[in-house]
Structure formats: C-alpha cells, structure tokens
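Using the sequences and the hints given, assemble the complete structure.
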Amino acid sequence: MILAGALLGTLAMERALVTHDFSLSYVAENNARATPLLYSITGMWSALQGSILLWSLVLAGYLAVMVRYFRSRSTDPLVGWATLTVYSVSAFFFGLMLGPANPFRTIGGPVPADGSGPNPLLQNHPLVAFHPPMLYLGYVGFTIPFAFAVAALVTGRLGEGWLLETRRWTLFAWGFLTVGIVLGAWWSYQVLGWGGYWAWDPVENASFLPWLVGTAYLHSVMVQERRGMLRIWNLSLLLSTFSLTILGTFLTRSGVLDSVHSFTQSAIGPLILGFFGVVVAVGVGLIAWRGDRLRSPGAIDSPLSREGAFLANNVLFAGFAFVVLLGTVFPLIAQAYNGQALSVGRPYFDTMTAPIALTLLFLMAIAPALPWRKASAELLRTRLQWPAWFAGLALLACVLGGVRGLGTLLAFGLGAFAAGAAARQLVLSFRRQGLAGLVGRANGGMVVHLGVVVIAVAFAASSSFGHRGEFRLRPGGVVRFDGHDIAFLGTRTERHPNRVSLVADLRLDGATVLRPAVSQFPFATEAIGTPSVRSSPFDDVYTTIVSPPTAGDPSAVIGVIVQPLIAWLWVGGTLMAVGTFMAAMPGRRRRPTDPASAPLPAAGEGVAVGDSVLVGAPAGAPVPGDPA
Amino acid sequence: MVTPVGSRPGPARGRPRRGRTAVVAALAVAAVMAGLIAVLASSPAATDVQARSPLLGKPAPGFSGRDLSGQAVRLSEFRGRFVLVNFFASWCVPCRQEQPELASWYQEHQAAGDASLVGVVFSDSADAARRYQAQTGATWPVIGPDDQVALDYGVRGQPESYVVDPSGFVLVKIVGRVTARGLDLLLARAKAQGA
Amino acid sequence: MTRLAKRSPARWLPWVVLGALVAGALAVGTSGGSAGRQSIDHRVERVARDVRCPQCSGQSAADSDAETAVAVRATIRQQVEQGRTDGQIKRYLADRYGQDILERPPATGVAGLVWALPVVGFVLALTGLAFAFRRWKAQGLGSGPTEEDRRLVEEARGG
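As they're listed, the protein sequences go chains U, B and L. Residues 1 to 628 in our numbering are what the first sequence lists, from first letter to last. Residues 1001 to 1195 in our numbering are what the second sequence lists, from first letter to last. Residues 2001 to 2159 in our numbering are what the third sequence lists, from first letter to last.
Derived by calculation from the structure, the hints in this document are not laboratory data. Please note that the accuracy of each hint is not assured.
As the list claims (entries may be wrong) - Listed below are the simulated DMTMM-like cross-link pairs for lysine to aspartate or glutamate, each with C-alpha atoms no more than 20 Å apart in a straight line:
| no. | chain 1 | residue 1 | chain 2 | residue 2 |
| --- | --- | --- | --- | --- |
| 1 | L | Lys2137 | L | Glu2148 |
| 2 | L | Lys2090 | L | Glu2067 |
| 3 | B | Lys1173 | B | Asp1152 |
| 4 | B | Lys1173 | B | Asp1184 |
| 5 | L | Lys2137 | L | Asp2149 |
| 6 | B | Lys1173 | B | Asp1114 |
| 7 | B | Lys1191 | B | Asp1152 |
| 8 | L | Lys2090 | L | Asp2041 |
| 9 | B | Lys1058 | L | Asp2095 |
| 10 | B | Lys1191 | B | Asp1114 |
| 11 | L | Lys2137 | L | Glu2147 |
| 12 | L | Lys2137 | U | Asp301 |
| 13 | B | Lys1173 | L | Asp2095 |
| 14 | L | Lys2090 | B | Asp1184 |
| 15 | L | Lys2090 | B | Asp1152 |
Fair warning: this is a prediction, and the values are worked out from it, not measured in the lab.
Have a look at this one:
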C-alpha cells in the first residue's frame, strides 16, 4: 500500500515534469519548456522536495520486498518490530512531504508560461540519471538492517542469527552506496571543471560516512558469525550507519554548511535534525538497556589473528569516520563556541586520512593471510611471501621509474602488497575449486579489495603527478604541456533549446578533438563552464575555457590539467561492484548460520588443504588457506 | 568500545560492573551526540555568516583610480564624512533591487553633506556597468572593475557594502542588498556613539 | 620440521633481503628534497591550494576559474615574485578575507582541537586495545590448553 502510494506520487511528478505542468511550483523551479526529456525526468530528484519523494519511493520499495521476503515469519515478533521500525521511518519521510517538503505545492499566483529550468549543472550530463538513484538505493537500503537490529534489541533475541540473515541486505545496500559514491565522483569530474573528483566537500562526506561505518560492519560481522564476538561493536556500527545516513541528509539539506552540492535551504533542516536525535536516542538507549545480554563467551586470543585484524579494522574505520565527521562539522562547532569563522578544507582531510588509509591498505594485505585464533610467524612468512616480494619489486620499479615522495611510495608499495594478497587468495580458490569456486563471500571480498587497491593507487598517482596550466592562445596557436600538444583551432557558438554555448575546438596531440565550452542558461546569472576530457589508460587530459575570447581579443585562455591513471578510478569502482555481486551470491561454503565445524556442502572436496600445514594446530581448527 | 568477556560463572561482583560499563559508555555517546545536535541546531545558514569581516574597526583600505566617467576618485578625499563603498554587478538581482534605495540615500546625504557613496564594479565589465548606471540614473562615482580593491576589501560576492566612518575606519560590512532606512539607522547609531 | 630448522637463518634471510630492498628504495625515494619543485609556478599552486576561492562554494583558489580565484592567484604570484614566504602571503589574504579563506584551520587556539582530537583519539584507541588484550590474556580464556585440560588428557591416556 505504501509502495502504491509512493509509486503514484512518483508517476504524478514525472508526468507533471514531462508535460511541463508549471502550476506546480516544483516544476516551475526545476523545469522549463526547453529542458530535454532526460533532464525533465531526472528533474524529479534535482531539488529538495523531489529528492524526498525519491527517498520515500525507494524506502517503500525496500519495505515491500522485506515484507514479502519474511512473509513466512511474519508472526514472529522480531519481524514485526522490524517492520514497525521501517514503517516509522517511512512515516517520517512521507510526513515531510505532507508539510514542509511538499513537491506538489501549487504556485501561489498565476501559472507562469515557462519555468526556470533545473540547475544548469544538473542538466548537462547524463550521469544525473544514475548517481542519485544509486546513492539512494544504498543510503535508504541501510534502513532494513537497522530495523532488524532495533527489533533484535527490543525483543532481546540477540543470540540468534538475525544480523547474519540480514547480512545480504546490508551487502546490497553497501554495494549500491559504493557505486553511487563512485558515480558521484565521476560525475563531478566530468561536470564541475576543476579536474578533481573528490574534494572532501560536506555533501560528499555525508555519503562517505555511512560507507565507512558500513564497511567496518560488513567485516566485523564475520567475527560474530565465527566466534560470536564483537556483538556490541556490530550493533553499534549498524545503528551508527543508519544514524549517519540521517545526519548526512540533514547536512545536505539544511544549509548550515556551504557546498557546491547543496540543495536549496528549507525548513526541513530542524525536522531532520530532530529525527536524527530520536534515532540516536533510541539506538543508544536500546544498547544501554540490553548491554548485559551482549556479552560474548569468547575472547580474542592474540592481536595477530583474523579476529584481531577485524578489531583493528573496526577501530581504524571508526577513527576514519570520526576524522571526517569532525572536519566536516568543526567550522560549526568553532562558530558556536566563540564566533570565529574558519574553514576545514581538503588539505586537512588529505593530511589526516592518509595515514589511516595507508594502515588500512596494510591491513588489507595481511588480514586474508591471518588465520583465526592465533598466527605463528612461520605461517605468516609462508603466506605473505609472494605478496611481499611483489610489493618490494613494485616499490623498486616505482623508485627506479622516478616516483618520489614517502606518501606516494607507501601507497604504491602497500597497494601492491594488498593486491598481491588478494590475488593470492583468488588464485588459491581457483586452483582448489575452479571457476565456480570464485563466487562467494571470501573471493567476492578479495575482488572488492582489488578494486579498492586500484582506486587507492589511481588516487595517489593522480594527486601526486597531476599538473595544471593555463595558456593564452590565439586561434591556430599550439602549446606543449606535460607531454601533450594542444592546438587551439578556434571558437564557435552553438545554440541549443535550453542554452547557448561558446565552444572551443582543441586538437590534442594532432588527433583527438576536445570541445570545452562555456554555456549560458536562460535563468542563471553566470555562465557555466563544461570541461572536455580525453581519457586513456595512461592519463587524462582535461581542458576548460578559463577566459573566452572577447570582442577586442580573439585569443582565449585555455586551462589544461593532465593527471595520470584517472580512468583506473572508475575501473576500480567497477571491480568493487563486481566483487560485491560475487560476494552476494551463495558460494560453495557453509551457510553463515551453520557452526564453523560443519562440513562443506560439496561432496568429494572434504577439507581442502592449502599451501602449508599448520603445525601443532588444535583439532577442529580452520583449515590453513581458508579465508573465511 | 571493546567487548569485555565472561559468561563463566565468576564472582558476583563481575555482573554489575559489566552492566555499568554499557550504561556509562552509552551515556557518554549520548552526551557527545546531544552536544553535536545542539551545535547543529543553533548554527545559522552558511550564507548569513559572511558579514563578519577582519576589516571591522580597522582603517579602510584606500583606493584611487578613475571612475567610469573618467574622473579621478580617491577614498581619502571622503575623509570627514561617512562613505558607503558598494560592490555591485549589473546582472545581479539584489543589486538591481537596492539601486533605488542607494539613489535616494545618496541624494539625501549628499545634500546634508554627512555621507557619500562610491560604487565599485565587481564581476562585471565597465561597459555594462556604465550602461546600468545610466539606465538607473545613478550619479555617484563608480570605479571600474578592480581586482586589487576587491581583494583588499575581501569581497566574495555581490552586493556587498562597507560603511566607513569619517575618520576612515570600517564600521560595518553588509552582505546583500541595503535599504536607505537601514543605512540611516546605522549612521544615527554611529553618530550617537561619537564616531 | 625440527625446531632447529625453523629457527635457521635460511628462513629469515629472504625477508631480511626484502626489508633491506624496501628500506633502500624508500630512502632513495624520499631523499633529494624538493629542490626542483621550488619554481614560481609550483609555489603559486601550492599556496593557492591552501586558499579557498572567495566566491565559490568549496573549491580552492588553485582549482577554480572564477574571477576572484584568478585575482587571488595573480596576487599570490606577485608576492611570490617579491620573495615573501607562504606564511606571509596567507596572512595577507586572511587579513582581508578572514581566517576562513584558508583551507587549513590554524593549529592554535580552539581551532587546534581539530588537529589534536584525532591524535588524542588514536592514542586512546591504542591504549584501549592494549588494555583489552591484556585483560583477555590475564583471564586466560582462549587458545591453549589449561592445566585442567592437560590433566584430563593425561588421565585419558592412562598415564
């Protein structure tokens, strides 16, 4: 029913946008007759009220799927509590639409003949059709595991496998969020004109915070599954992930922080903040109430073990999230304390998160090799041998190739180490069980790790070796920059239904033609620049018009930014998506809720033996080389 | 927050300590969150914050140049009167909205001799500004686009106005459009305080 | 594998070699200083990256093509050519635009908290972990047979 309502609302809004029904103030502000069809459709989520409508639609969709999936257990009070929680969250968002964020509010006065059109930055690239829905599928998806966590705490049934059953939901939500964030970075790279893809902007941080905590959760829940430990951590992480999605929504929509991504301000800020307070209070209260039931029967024997690594992982990701959150809200705190105005920008985040990121790379390298319970030096030596040598040689190659700088070298070296460890795991699985053995959680996870390494290396490379320059060129002029020749052929004017563009034609290296532009949209006060990029596996050449030619001067100032390995960021993102998909498929492993000593389902495989024998291991210990 | 151990039948004093840890930790988290929410709830919108300026109470950065009609203009020649330094652009909507207010304020105080007005073109071309001034019947001196002046005053957008007192110190910075009445109130208060 | 063989230097040697290789590579990679990078363009970009574009929401003066950003870059270039230090140039801009024009919060006063808190948090986290591990070890739970277990096994073996 809720889904039907949400669908109806969505269809109504889309119809209004596509038919340019300007009697709705939302349509008048975000659509115009000249707006192309694609951007009329995406106009639904281009501004505040519509985005709440999208949120409600996705939430209603998830609710419907959840109810259907658990219908055989619908009489279980735990499922009931979970459903009730999701209903409450839905009520909040639908309620927002009834009042302050009403997308169907009609215009007060006469119906205008034409609307003002969407924000120019939201109508010049097709990615606007993918990034918000993906992001919302991720963001909103965390509501379901949160609801189950609340239900488990309320009913006190914390020993059963509920969190483990909902693991796949969390994985899907996390996967969508990952894809959404990567698409967002790609989109801002293609559209904003500064040549970067991640600026630690408050809105970007708002989407990153739940991702960080969600990643910690996905890893830490494996310890709960294996040894029944870290339950308070897991519940806290899950509750925090959802709380951070609400906090992120507040930061994005309240206008308290200046951002190139922010929506227009409105009165819903205080309401969302109030909801955040309620969510935090409920979460904290529940954990305090049920804290005594969460004590686990085991202990972590040694820091040098898989459990120890996951615990360190939790601490690192929590620290990462803390730093990002602190940096994002600190200007507000300083202002509230003594009125001083200060900014916390990219340099702060880059400096503070680099050590954490490098440590995480290191952890990614050694954790798959660590056995459960306790590791011996000999075991580690054997398992890490190939990855370590790969890393050492890669580091040597980089230094010989001219790479300098401690941070960059560490990123490349540790990245190679982590990639080696992940690849080793995948090769072992392939040798043991063939191609079919590659699906399942452990190997999917290794592919995701590979994706992360690729992104980390690309990030380090493009940050350290990117160069930017500005050149005043006359038509016919050529400039050589960072190994590329850019010839300025001239400019021309293009007229489109929704804008007038001044386009510069550039020829790159005698071959590719690049067309950066400056466009004037009818209701925008300033012209919007559109970059033109040539991507290759090696580097990206990114061109913009800094100053167009004027009446008296035919020369133009062309901006050029050359950054290596940018394309690999998107490859890494794809790898992460593929890995998530692989991890979601049921592998040939035991079900998560079976005890660790249960036999593998496939007959004939028995207990596989890895590439070394654990000397002196107690009986029933996990098999060496066994990643999960 | 680490998971303490022990479901072994241990000494009875273990149980209250464990339960207390959870409550204490939860209360600590709740306190921090409450503080954060309080800060977020009381934060003004980012756009309202910019009227703070490090120039307040300091000598106004001087400038000298030619206005749009070619006449020499210097800030120091306004010493002894209040001056409103107004940064604007012809395409900016709030600038257009404040233009009549500025005009009437300028006329009144030019006659009284206690305050004057100097415009500075920001993010616009001199030609467009000249046309705009002619269209709106503005008669006060306007300096053409000057990056150094804009930088000296720390201008981030338009319209922004700086009120300079007769001794040459910056009194107040106003972000957004001004009204004649608002300016008069400012002046009256400054005079009362003995500026 | 006897204990002796496990301890033999042959097992550790490849790792020592690898360690030396890595250390050497890093030493070479971090030496040489930044002599080549002191060109005017580099310095201008380095300073501009630490300054916000005055009229944009969130881009640095190095990244943005807005008028004020271009003006700020020109001013920085002028001052670099006059020989002023990075700190002096940033202070010049902060005196005009306010402290929030700088991308990096100052390290003193209340603002210093944003730098200090993560470090403090890290130290606290490490101490917390150390305490937790020590407590677990002291409680003796986990791997390794206890005396009781050994006695049981001895009994079962009939010894």
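We went through each hint and held it up to the structure:
1. A C-alpha spacing of about 17 Å is found between Lys2137 of chain L and Glu2148 of chain L, which places the hinted pair at or below 20 Å, so the restraint holds.
2. Restraint check for Lys2090 of chain L and Glu2067 of chain L: the C-alpha separation of about 19 Å stays at or below 20 Å, so the hint holds.
3. Between Lys1173 of chain B and Asp1152 of chain B the CA atoms are separated by roughly 13 Å; this keeps the pair inside 20 Å, and the hint holds.
4. Taking the CA atoms of Lys1173 of chain B and Asp1184 of chain B, the gap is about 15 Å. The hint holds against a cut of 20 Å.
5. For a cut-off of 20 Å, the pair hint linking Lys2137 of chain L to Asp2149 of chain L stands: about 18 Å separates their Cα positions.
6. The hinted pair formed by Lys1173 of chain B and Asp1114 of chain B meets the criterion: a straight-line CA distance of about 19 Å does not exceed 20 Å.
7. For the proposed pair Lys1191 of chain B and Asp1152 of chain B, the alpha carbon gap of about 26 Å is over 20 Å, so the pair is violated.
8. Restraint check: the Cα-Cα separation between Lys2090 of chain L and Asp2041 of chain L comes to about 16 Å, which is no more than 20 Å; the hinted pair holds.
9. For a cut-off of 20 Å, the pair hint linking Lys1058 of chain B to Asp2095 of chain L stands: about 10 Å separates their Cα positions.
10. With a CA separation close to 10 Å, the supplied pair Lys1191 of chain B and Asp1114 of chain B stays within the 20 Å bound.
11. Restraint check for Lys2137 of chain L and Glu2147 of chain L: satisfied, since their Cα atoms lie roughly 16 Å apart, inside the 20 Å limit.
12. A hinted pair counts as satisfied when its Cα atoms are at most 20 Å apart, and Lys2137 of chain L with Asp301 of chain U qualifies at roughly 7 Å.
13. For the given pair, Lys1173 of chain B sits about 15 Å from Asp2095 of chain L by alpha-carbon distance, which is consistent with the 20 Å threshold.
14. Taken as a hint, the Lys2090 of chain L and Asp1184 of chain B pair is broken in the structure, with Cα atoms around 36 Å apart against an allowance of 20 Å.
15. The straight-line distance between the Cα atoms of Lys2090 of chain L and Asp1152 of chain B is roughly 13 Å, inside the 20 Å bound, and the hint therefore holds.
Figure legend: structure checked against the earlier numbered hints; hints not met, in rising order: 7, 14.
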